[in-house]
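Q: Need the complex rebuilt from these two chains, each delivered in its own frame; the hints are there to steer you.
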Amino acid sequence: VTRDLQRVVAVMSRYCDDLIPCNAVEAASRDDLREWERAAIDVASALRYATGCLRRAVDEPGGDASLRPGRHLATAAEELAAARDLLHTHLATDPDGLRRERSEWAPVVTSLPVTRALVHEIARWSRQLAPFTAWLAGAEPLAMPHAPGRHTAAGVRDELTNASQWLQVAGAAVRPALGADPVRAADTELLHAIPAATPPQRRRPGAVAESVAELCDGIAISASRLRAAARGSRERAIWSPNVTSGGWQWIAQAAAVTSHLNELVLRSLAVRVRQLAGPGENGTRLNAAADSMADMRAAWHQVDQMWDMMITESRLLPTLAMTDASDLVLRMGRLVWDKPDWTPADSRHATRRTAAALAPEVSAFAGVVSAAHQAVDAFARLAISDTEAVAAAMRAGRLYTPTRSLPADYNVPRPFAPAPTARYRALQGAYHVALDASIHAAHVLDGLAIAIGAPSRVLGLARAAVSMQSHRRGSQSQIDPDDLRSSDLSFMHSRFSTGVAGPVEQAIRDLKVDDPVILLRAAAIDDAARQLIIQADNALPAAGSSVSLMMAQPAASSTAQLVAQSFPSGPVAERPTDAGLTPRGLLNGQPVTKARPRPRG
Amino acid sequence: VSQVELLRQRLVHADGMAGMLATGWEAFEFVRGVAGANADRSADMYPAFTFARGAAVSGRNAIAFAPSMPADQAVLFESATPLKGDVYEVADTLADLASALSAHLREAAGLAGDASDRAACEDAARDADRITELLAKGK
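So the protein sequences, as listed, match chains A and B. As numbered in this note's numbering, residues 9 to 609 make up the first sequence, in order. As numbered in this note's numbering, residues 1155 to 1293 make up the second sequence, in order.
One chain only, chain B, in its complex shape (with noise of 0.2 angstroms):
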């Protein structure tokens, strides 16, 4: 099972709000590692690639901000194995798993008791949408 698909599982099964939010920082800190990686393959998706890591270093700092945030150390993807196939298929797997991200962060959101639960993951669900807006193919 790849990465990616370790993630979406994760975040289909994520239980409860500590969960969910543990799960999006790793989803957010998977993009950032792979999008780092991938930047410097093509001269045309650098800037794309560059603000997506951005986009998703600012959505795993939104998840932090949250009360439920479990305090525990996490997986880091500082050395990720870069994706297969060509950039824009990196670019497209990163969009498709940040869409998801964000549909599970609202989600969250909405069922968040907690005001500051809530509006982090609405703002990292933002941060997903930048994501995929910045990698997406179909535009």
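Just chain A, with the same shape it has in the complex (with noise of 0.2 angstroms):
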């Protein structure tokens, strides 16, 4: 028993050590920490001293003496170490000692609420394992007949009397930690929901019907495999004739056909709410999801259509993202359509799935709508590593385009062209137009996600967890604002992402307050905020004559102040800093507009 006790104290004081900003000598001069960094490192620190009054008690004659065989205690301690295993298979040391991040989870790993959750965890674990701890120090008979004696059993009961005080210290530690900055359900409820970086084993759609929960299933597992696929590629765009042209336009595809079948998914689910009338939806937050997707769908066919005129050296090579996207179309078109071996050459013979058929009771709206979610989720990575691939692709000198594409005054006696700037701008332009409309619509479904209880509701709330960072060894300085589009952090990319809050969340923020399902809240308002200023921004009279010119002009440039000191998070400002290359909002030199006739239903 005390072996496996000290096996699994050892495994908690691992924990703490992961968690810990610094020793506890360092963290007294330091002002930087908060509460739950400071419980840590006391929890720590107890569990050290803990650790080592066990190892010795262990080490005494006769101090490995079982009651009886401490099962449950090695199965702890196996799978505690199993768990943290896990959550180590998200980070990796370079060699420098830094901290790298290898899945979009880590920083969630690395987050405040999941560094709440746990240390407040290992406390309660130490809590409960105190009175165990004491008891055996004072059960009869500690040691079995053949130790050596009397004065031994008072050694090793001396060293679980003070390894259970030291679990009492480590489970108190977290007191003032916990009166300043409680533990929120959701904390725990994301620690338990990060699942291994490996990304999930492909389940081929087949021609076998599929139920709706099972479509829903595989939907979850093609978007995983997308996010993961989507890891590298900047770095791939750069030497790999693999990442094609074709590739990035398929994808494109992809992105606005899922979104107009999410679309139709949700406008059907909104349907369904009015039919049962009671899961808590009136259907106004689910109509209004899926005009998220319309105008997702359309900024991913300008993406399309924008790359009808490059061309990579390579015309098109399938890739594994191609492959998962494929999937996850598959199985969309058969939560929309009524058969089981749809593809997009089946539309014009299959019927529509009924709402009721696509969710039969109140139940089944979770699954579809989460379903919905991942997708979403999964093409706004996508959004941002292609934006990056495409950026690097184009400086490696990858982007051409067919001569014959071009205006009859480029003379260029060859059947390609190095692509002309204007084209590319325009090609970025289209991008950043589609990683703001894709990140809207996985903003508005994480809110729909969390009001119905959503299973995929832990991508809200890792979103939302990321923008709260705690300290920790080896981990670089804070969030690197201007890194914030960087294909390895997913999650950054929302209104908490880059540190800088908008004035709803920052007044939130202010009250100390850091409840991540208030902060959803807080920066859904802000997003609401902006885009209502940008559009009474384009309401504006248009400049025709010079005296609505000397009107508009000082407006409109008071408004783009006020979004940029009210919004220094959205998305104008977080443009990469693309060599300069990034048009705002022009196409070709037009006005790009999101709203685009959506297809007759």
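No lab work stands behind these hints, which were simulated from the structure alone. Quick caveat: nothing in here was measured; it's all calculated off a predicted structure. All C-beta atoms in this analysis are idealised placements derived from N, C-alpha and C, irrespective of residue type, glycine included. Where hints are given, some of them may not hold.
As the list claims (entries may be wrong) - One side of the interface only, derived from the structure: several residues of chain B facing chain A at Cβ under 8 angstroms:
no.	residue
1	Ala1202
2	Ser1212
3	Ala1216
4	Phe1219
Unchecked claim - Chain B residues, not near chain A, derived (Cβ > 12 angstroms throughout):
no.	residue
5	Ser1156
6	Gln1157
7	Arg1164
8	Val1166
9	Gly1170
10	Gly1173
11	Glu1183
12	Ala1254
13	Gly1267
14	Ala1269
A: Encoded structure:
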């Protein structure tokens, strides 16, 4: 028992060592540490002492004697160690000792909410183990008959008593933090939702009919694999001939089609809500989510069109992302149409799945919304990674245009010419619009998923959590605002992610509230306000005459200033610093309009 | 004579590999323009038209890689007049054109003296087949 107990406490101690930013001595001179970071340091110190006491108890003759097999403790030690290993799959340490992120969940692992939940759990276990350890110290017979004698048993007893006291100290060390900053249910939920960094196995869509629930599960798997496939695409775009214009264009088409199918699914759910009248949703929120899908589709459609006149030195080579996006599109289509083997070629022959068949009862809503949410989140991530990858390809001189598509005054005696800067700017502009639309749609679905308790709500919680990074050993100093579009930081791309909150979110933070759900709502309000200001800006009279020009310009300028001041983390301010090539909402010199005619349903 | 019929006639009477490639380019461009213009007309047909448009771009680009492809400027169909008829009739028309395009490209591939020309024609023919598969009514 004592040996197994020592293993459990040692693993708990290692968890805390992962969480602490510095040792207790250094912590005394730092004023930037939060309550939970100080709690982690105190718990870690106490557990280190407890582990030492237990190790000495085990080393004492007769100290490892068993009252009965400590099977539960041994299992707990193994499972805790395995769980810690899984958390570590998201992080790697480079030769300089700095921590590197290996998945989009890495900043969630190092976030304050997860730190809070983990320290709280460890302190709770410490409190559970303290009385057990004390009982063990007093248990008879402590030593087996062959033990050398009472003196040795007393040594073991002393060490166990000390260990029990240190465990009590560890359990009590979180009280100040709990008082100042209570642990939320969402923190623990987020901790439990962190998957391993390895993407799930592909589940190939076959001709065999899948139920709605199976389709939704398959979509979540494809989305997870898509997020993983996006990693490192910026680097690959520079050198890999397998990364092609055809691949990027196909992903844009898949994103547009997925957005369209999502819109149909969400509108169908909105109809079903009205039929069932009672899942806490009156359809308004679902229709709003469907509207955001329409905007996302239009934006990705623009990206698709921009690729018509651009090409890489290789035309089209299949990628992992294309395979997973293809699976996702097929299953989304099979949710919309009542045809088990639906493909895009079947659209004119298939009948739509009825709203009642899509969600026979209220409990089915969460799964379907989750599927839509997962798909949007994955394409939002691809929007980030593809935007960066295309920029990298342009810098590497990999983008060309067919000479035949150039105006007659381009006299190029070859079939391909380097892509004109204007075309690249238009392409990048389209990507940025798609990125903004995808992130906005992901936020809308974050809110919807949290409101109805869909399994995918952890995506929203994760997006909110990453803005609150805890200090850790080996971490880079806080988030670098210039690197916010890094494809390695999926969840960073949110209203919260820049570390510079909007006015409502800031006001909430000033109240010392860091509940992820409340912050999500605050950021959504910031988003809505920003969009309203932009809409109002667009509604200003056109500058047709000199008089209107004089009237309009100062107003537009001041509005832009207001947006910049009020929403420093907004998409406009978040643009990658891409050598000044990024147009602001201009495609080929024409204003980019998100709103496009929707397909007639 | 409709644009579709004109393209069909030009495919039939294309002069040599260069002529076939140039006409193939224009046919794919036409499909791209029309499919893009019609995608928003029907929620049900949006996926098919979107991927058909993509296949047209892919086929056109495949042709562009052929060594015999003339480097002169081509007609673009950015503002192609939408075909008359409902969205399904448009899909049928494009599917028929793509089917004819595929047949001519395969024929050209069989006659090609240059391996790269042959590969380009075969790649483009596969994209034309994909357009037919996506848009044809008979399934």
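Q: Confirm or reject each hint.
A: For each hint, the structure was consulted:
1. Ala1202: It holds, given that the least Cβ distance between B:Ala1202 and chain A is near 5 angstroms, below 8 angstroms.
2. Ser1212: 6 angstroms, holds
3. Ala1216: 6 angstroms, holds
4. Phe1219: B:Phe1219 check passes; min Cβ-Cβ to chain A is 6 angstroms, inside 8 angstroms.
5. Ser1156: Holds, because the least Cβ-Cβ distance between B:Ser1156 and chain A comes to about 22 angstroms, which exceeds 12 angstroms.
6. Gln1157: Fine: 18 angstroms to the nearest Cβ keeps B:Gln1157 off the interface.
7. Arg1164: Holds, since 16 angstroms exceeds 12 angstroms.
8. Val1166: 22 angstroms, holds
9. Gly1170: Its Cβ never comes within 12 angstroms of chain A, the nearest being 17 angstroms, so this holds.
10. Gly1173: B:Gly1173 clear of chain A: closest Cβ-Cβ about 14 angstroms, beyond 12 angstroms.
11. Glu1183: 9 angstroms, violated
12. Ala1254: 19 angstroms, holds
13. Gly1267: The claim holds: B:Gly1267 sits with its nearest Cβ about 18 angstroms from chain A, beyond 12 angstroms.
14. Ala1269: 16 angstroms, holds
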